[in-house]
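J.: Letter by letter, the chains look like this.
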Amino acid sequence: MSANGKSDGYDVIIIGGGATGAGTARDCSLRGLRVLLIERFDFAAGATGRNHGLLHSGARYAVTDKESASECIKENMILRRIAKHCVEENDGLFITLPEDDLGYQATFVKSCQAAGIDAEIIDPELAKRMEPSVNPSIIGAVKVPDGSVDPFRLTLANVLDAKAHGAKVLVYHEVTAMIKEGDRVVGVTVVDRKTKASHNYYAPLTINAGGIWGHGIAAMAGAKVDMYPAKGSLLIFGHRVNNIVLNRCRKPANADILVPGDTICLIGTTSSHVGFDEVDDMRVTPDEVDLLLSEGEKLAPALATTRILRAYAGVRPLVASDDDPTGRNISRGIVLLDHEKRDGIPGFVTITGGKLMTYRLMAEWATDLACKKLGVDKPCVTMTEPLPGSRDEDEMPKGKSFIVKNPIRKSLEGRHGELSSKIPSGNEYDASLVCECEDVTVGEVKYALSELDVNNMVDLRRRTRVGMGTCQGELCACRAAGMLAEAHDCTKKAKDNLANFLNERWKGVYPIAWGDALRENEYAEWVYSGVCGMKQNDLR
Amino acid sequence: MNIQQVNISENNFEQCIKCTICTVYCPVVPVNPDYPGPKQAGPDGERLRLKRGEFFDESLKYCLNCKRCEVACPSGVKIGDIIQLARIKYGKKKPKLRDVMLANTDFVGSVATKLAPVVNASLALKPVKLAMDGILKIDAHRTFPKYSSQTFESWYKKNAAYKQQSYKNQFSFFHGCYVNYNYPQLGKDFVKVMNAIGYGVNLLDEEKCCGVALVSNGLINQARRQAELNIKNIRKSVLEKGCPIVGVSSTCVFTMRDEYPHLLGVDNADVRDGINLATRFIYHLIDECGVKLKFRDGIKMKIAYHTPCHMEKLGWAYYSASLLRMIPGVELQMLDSQCCGIAGTYGFKKENYPVSQGIGASLFRQIENSGADFVATDCETCKWQIEMSTSKKVMHPVSVLAEALDVEETIKANAK
Chain A
1 MSANGKSDGY DVIIIGGGAT GAGTARDCSL RGLRVLLIER FDFAAGATGR NHGLLHSGAR
61 YAVTDKESAS ECIKENMILR RIAKHCVEEN DGLFITLPED DLGYQATFVK SCQAAGIDAE
121 IIDPELAKRM EPSVNPSIIG AVKVPDGSVD PFRLTLANVL DAKAHGAKVL VYHEVTAMIK
181 EGDRVVGVTV VDRKTKASHN YYAPLTINAG GIWGHGIAAM AGAKVDMYPA KGSLLIFGHR
241 VNNIVLNRCR KPANADILVP GDTICLIGTT SSHVGFDEVD DMRVTPDEVD LLLSEGEKLA
301 PALATTRILR AYAGVRPLVA SDDDPTGRNI SRGIVLLDHE KRDGIPGFVT ITGGKLMTYR
361 LMAEWATDLA CKKLGVDKPC VTMTEPLPGS RDEDEMPKGK SFIVKNPIRK SLEGRHGELS
421 SKIPSGNEYD ASLVCECEDV TVGEVKYALS ELDVNNMVDL RRRTRVGMGT CQGELCACRA
481 AGMLAEAHDC TKKAKDNLAN FLNERWKGVY PIAWGDALRE NEYAEWVYSG VCGMKQNDLR
Chain B
541 MNIQQVNISE NNFEQCIKCT ICTVYCPVVP VNPDYPGPKQ AGPDGERLRL KRGEFFDESL
601 KYCLNCKRCE VACPSGVKIG DIIQLARIKY GKKKPKLRDV MLANTDFVGS VATKLAPVVN
661 ASLALKPVKL AMDGILKIDA HRTFPKYSSQ TFESWYKKNA AYKQQSYKNQ FSFFHGCYVN
721 YNYPQLGKDF VKVMNAIGYG VNLLDEEKCC GVALVSNGLI NQARRQAELN IKNIRKSVLE
781 KGCPIVGVSS TCVFTMRDEY PHLLGVDNAD VRDGINLATR FIYHLIDECG VKLKFRDGIK
841 MKIAYHTPCH MEKLGWAYYS ASLLRMIPGV ELQMLDSQCC GIAGTYGFKK ENYPVSQGIG
901 ASLFRQIENS GADFVATDCE TCKWQIEMST SKKVMHPVSV LAEALDVEET IKANAK
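Top line first, the protein sequences correspond to chains A and B.
Following my numbering, the numbering of the first sequence begins with 1 at its first residue and continues without gaps.
Following my numbering, the numbering of the second sequence begins with 541 at its first residue and continues without gaps.
Possibly wrong hints are sitting among the right ones.
Taking lysine to any residue and the SDA-like style, the derived pairs with C-alpha atoms no more than 25 Å apart in a straight line are [stated by the list, open to error]:
#1 Lys632(B) - Val404(A)
#2 Lys422(A) - Glu594(B)
#3 Lys632(B) - Gly344(A)
#4 Lys632(B) - Phe402(A)
#5 Lys629(B) - Asp489(A)
#6 Lys890(B) - Val404(A)
#7 Lys629(B) - Ile244(A)
#8 Lys629(B) - Pro132(A)
#9 Lys400(A) - Glu891(B)
#10 Lys677(B) - Glu927(B)
#11 Lys629(B) - Ala302(A)
#12 Lys632(B) - Arg81(A)
#13 Lys196(A) - Asp489(A)
#14 Lys495(A) - Thr560(B)
#15 Lys422(A) - Glu927(B)
#16 Lys601(B) - Val404(A)
#17 Lys110(A) - Met130(A)
#18 Lys84(A) - Lys677(B)
#19 Lys422(A) - Glu385(A)
#20 Lys400(A) - Glu927(B)
#21 Lys410(A) - Leu625(B)
#22 Lys410(A) - Asp574(B)
#23 Lys601(B) - Ser432(A)
#24 Lys636(B) - Ala302(A)
Some chain A residues flagged as far from chain B (calculated, every beta-carbon gap over 12 Å) [claimed, not checked]:
#25 Pro98
#26 Glu120
#27 His239
#28 Glu278
#29 Asn503
Note that these hints are calculated values from the structure, not bench results.
Since the structure is predicted, the reported quantities are computational estimates derived from the model, not experimental observations.
Glycine included, each C-beta is placed from N, C-alpha and C at the ideal position.
Produce the complete structure using the sequences and hints provided.
T.: Written as structure tokens, this is what we have:
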């Protein structure tokens, strides 16, 4: 109930459907708060979905930022328990090359141990046997408990659990204004991006979890949060070159992490300051591609002769604290701002900084503060309570399923854990494939369309991996578009969607469009413009 | 740095652009819904297997290794090899006794030859067939090739070896298991033709089965040992004696030329060009070396030529067809190039029988409707399949040549 009596029955409005916002929505709803989660586009559409997908051990920060490092290792161990369907326990190596200072290794291991990270120096020969793709000229290696984490799956699992505990979720809704009574924030004005309709929602507390866009959201409330947009670019390779995360054992620099994730591996990142006018449309430059490849080869020489799938860039939501032009030395630590205390704006809280690895802890802090403000006394349970998909329940029932092929079954179970039992597969059609590269079935798409808040094909990709394989939509996009048209009973929308999806795929391929990747995209263009009759100006 | 010029994938499976033509050409896909098809089993599956070996799918065993996918692929992806290598690397199912028996053509052949009358008679008996069907899972519909009581090698040593050095040109004949144990007549026919055109026929110091059946039954180590032995002896013949190797079976020749290096890791680069198929060898002699064939008068026959899968992969059906067309009075029909379904030992296995016959069905129909007197083909297992599944006899082009040849005139024509 707000001051003037308006109420939607919400206790808290959370702005931002990244990992932090979704995690906060989950934590709040688990503690009995009535939650409204608002996302401008789709879950994990910002920085959450645009990083390495590295399950940091914290080792990378051990020397420079002990606090972040120990947060990382604690969250790392928690995510292995609560989000096991999003996590691959690959381990990581910090390698020393002849050009690096081997002396750094001792400092590194000591700092890791001080932060509680189990770092073990191993014989370079052993490292080469463990990870045959590693640069054979390594002179040192340290094993750490790195891994990989699927940020889309992780965010969605948090959303699903929040919804299961009563949270309401609005995607494709943008907050355009804060409703204030005096200095107090009492609600938000939201525009439905599809219908353009505007609506006011009220709650005693609004939490800003907008990542880099939180800068603008805070400004609407009259608060100034100095964000520092640092762009990071990455390359995705067509298949896994390595099965263990490879890092350089030196001060963090460009392109020194190679992460295997699902069917692919990723090299990154670069780091450069960008303006707020650029954060909605990041493009990877040729110089960045060159840098990523030439540095990446030093980790695993095979990268030089491996097909690149696409390039992409994200924006780190760093909170500016000094004038470091690279953004590398800014703390990756969590920033929780109580604007009542800080700026005299009650009813408004910002949770920012941090990183994907610490999303749960950020959510816990934000929820602790929300509970305190709302007078709720319930402990946080997210460090022990498994997420949907990671519970020890039966996966797909084997008897009734038409899915007989091992890779397809394993792919579905891998993506959805025990929730894969909800995927229809009782007839040949449901068991047939939409996406052949990533083994996504008709049943999985149906499940996503009906239960996972899918509005368009890009959303569908984040839920299922449709279009994430080597063909980048060449074969699967038209099939998925057909199913979307059926589900939404609108062909025109599905056709627009298909064009958007293909253009979005092409945007990622463009920076690396040569060799087989270019050949394949030329073929895809021919399929869609020549066979499917899409117009040239639909395909950019 | 202009990275675009250097970053080119060396991974053959990454050259796949998912056009799916391979799956269209796969003979198994239309008849066996359990087989995911070459695209998914090959390049698509390879990505998943690189993620984790548990993504290997046992249904890859349905691949015939016919290589028609590779012929169809416009991107040069060695799809068949990717599938065979995945089976070698990830397959957990151990070969059964039956598979070992079917794969060991050499060993089984050498025993069966000694007991040929008994073996042939019993293999044709219904109770024996049913027992093999029930116990070994070798389909009772199958007709086993007859075993000869005298191997080709022993015939050669007794009747042919002594006069071969009198010819001015020499080559080595890789006879293969089929000629040696089942059908020495084909070997005799080949010696007759080659002697008539002035070529002396030698045997290798030792030859073993090319190994194709061992590979498809998962007996990789044995296949590798046999390949090493063959290449050692081939090397001796080609490099030391200057005698090229000629075989009559398209599959043996294909295996030794194109499967040894990347499937078995046996390097053959120095002798690969010296391994040839009989019809192609003879065609080149006629085309480039002035060799002439003279045929008997009054021949009149209609032949339908079937292109075996490995012949399609070699791209050499042209040579066999051209030779047959040289015989006056021969009307030759090229059958549509499609798999007959037997794929070596594949079709003998009970679980594959319906698929095997389903694959061949349209070929059998075309043969029955062709009005041909008989079918010609360069592959022995295609011969068994077509003879079992149609009313026509099947002959090797070399045997057709031998029968039509006027030996005296040919010798005279080549003596000049």
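J.: Look at each hint and say if it fits the structure.
T.: Hint by hint, here is what the structure shows:
The straight-line distance between the Cα atoms of Lys632(B) and Val404(A) is roughly 18 Å, inside the 25 Å bound, and the hint therefore holds. Between Lys422(A) and Glu594(B), the direct Cα distance comes to roughly 23 Å. Compliance with the 25 Å bound is thereby established for this hinted pair. At roughly 68 Å between alpha-carbon atoms, Lys632(B) and Gly344(A) are farther apart than 25 Å, so this suggested pair is violated. Only pairs whose Cα atoms come within 25 Å are accepted, and Lys632(B) paired with Phe402(A) is accepted, the gap being roughly 23 Å.
Between Lys629(B) and Asp489(A), the direct Cα distance comes to roughly 47 Å. Violation of the 25 Å bound is thereby established for this hinted pair. A hinted pair counts as satisfied when its Cα atoms are at most 25 Å apart, and Lys890(B) with Val404(A) qualifies at roughly 21 Å. Under the criterion of a C-alpha separation no larger than 25 Å, the hint pairing Lys629(B) with Ile244(A) is consistent with the structure, at around 21 Å. Between Lys629(B) and Pro132(A) the alpha-carbon distance is near 17 Å, which keeps this suggested pair within the 25 Å criterion.
A C-alpha spacing of about 23 Å is found between Lys400(A) and Glu891(B), which places the hinted pair at or below 25 Å, so the restraint holds. In summary, the hint linking Lys677(B) to Glu927(B) is supported, as the alpha carbons are separated by about 21 Å, within the 25 Å threshold. Using a Cα cut-off of 25 Å, the hinted pair Lys629(B) and Ala302(A) holds, with the two alpha carbons roughly 21 Å apart. In summary, the hint linking Lys632(B) to Arg81(A) is not supported, as the alpha carbons are separated by about 31 Å, beyond the 25 Å threshold.
Proposed proximity of Lys196(A) and Asp489(A) is supported: the alpha carbons are some 20 Å apart, at most 25 Å. Our distance criterion of 25 Å between C-alpha atoms is met by Lys495(A) and Thr560(B), whose separation comes to about 24 Å. Taking the CA atoms of Lys422(A) and Glu927(B), the gap is about 51 Å. The hint is violated against a cut of 25 Å. For the given pair, Lys601(B) sits about 15 Å from Val404(A) by alpha-carbon distance, which is consistent with the 25 Å threshold.
For the proposed pair Lys110(A) and Met130(A), the alpha carbon gap of about 23 Å is at most 25 Å, so the pair holds. Distance check on the hinted pair: Lys84(A) and Lys677(B) sit about 44 Å apart at the alpha-carbon level, beyond 25 Å; violated. Pair hint Lys422(A) plus Glu385(A) holds up; C-alpha atoms about 21 Å apart against a cutoff of 25 Å. A C-alpha spacing of about 42 Å is found between Lys400(A) and Glu927(B), which places the hinted pair above 25 Å, so the restraint is violated.
Distance hint between Lys410(A) and Leu625(B) is fulfilled; the C-alpha atoms sit about 21 Å from each other, no more than 25 Å. A C-alpha spacing of about 17 Å is found between Lys410(A) and Asp574(B), which places the hinted pair at or below 25 Å, so the restraint holds. For the hint linking Lys601(B) to Ser432(A), the alpha-carbon distance of about 20 Å falls within 25 Å, and the restraint holds. Between Lys636(B) and Ala302(A) the alpha-carbon distance is near 38 Å, which puts this suggested pair outside the 25 Å criterion.
Residue placement check: Pro98(A) keeps its beta carbon more than 12 Å from all beta carbons of chain B (closest about 21 Å). In this structure Glu120(A) is separated from chain B by more than 12 Å, as the shortest Cβ-Cβ distance comes to about 24 Å. The beta carbon of His239(A) sits about 5 Å from the closest Cβ of chain B, which is not more than 12 Å, so the claim that it is off the interface is violated. Interface exclusion of Glu278(A) from chain B stands, the closest Cβ pair being 24 Å apart, more than 12 Å.
With a minimum CB-CB distance of about 19 Å to chain B, Asn503(A) clears the 12 Å threshold, and the non-interface call stands.
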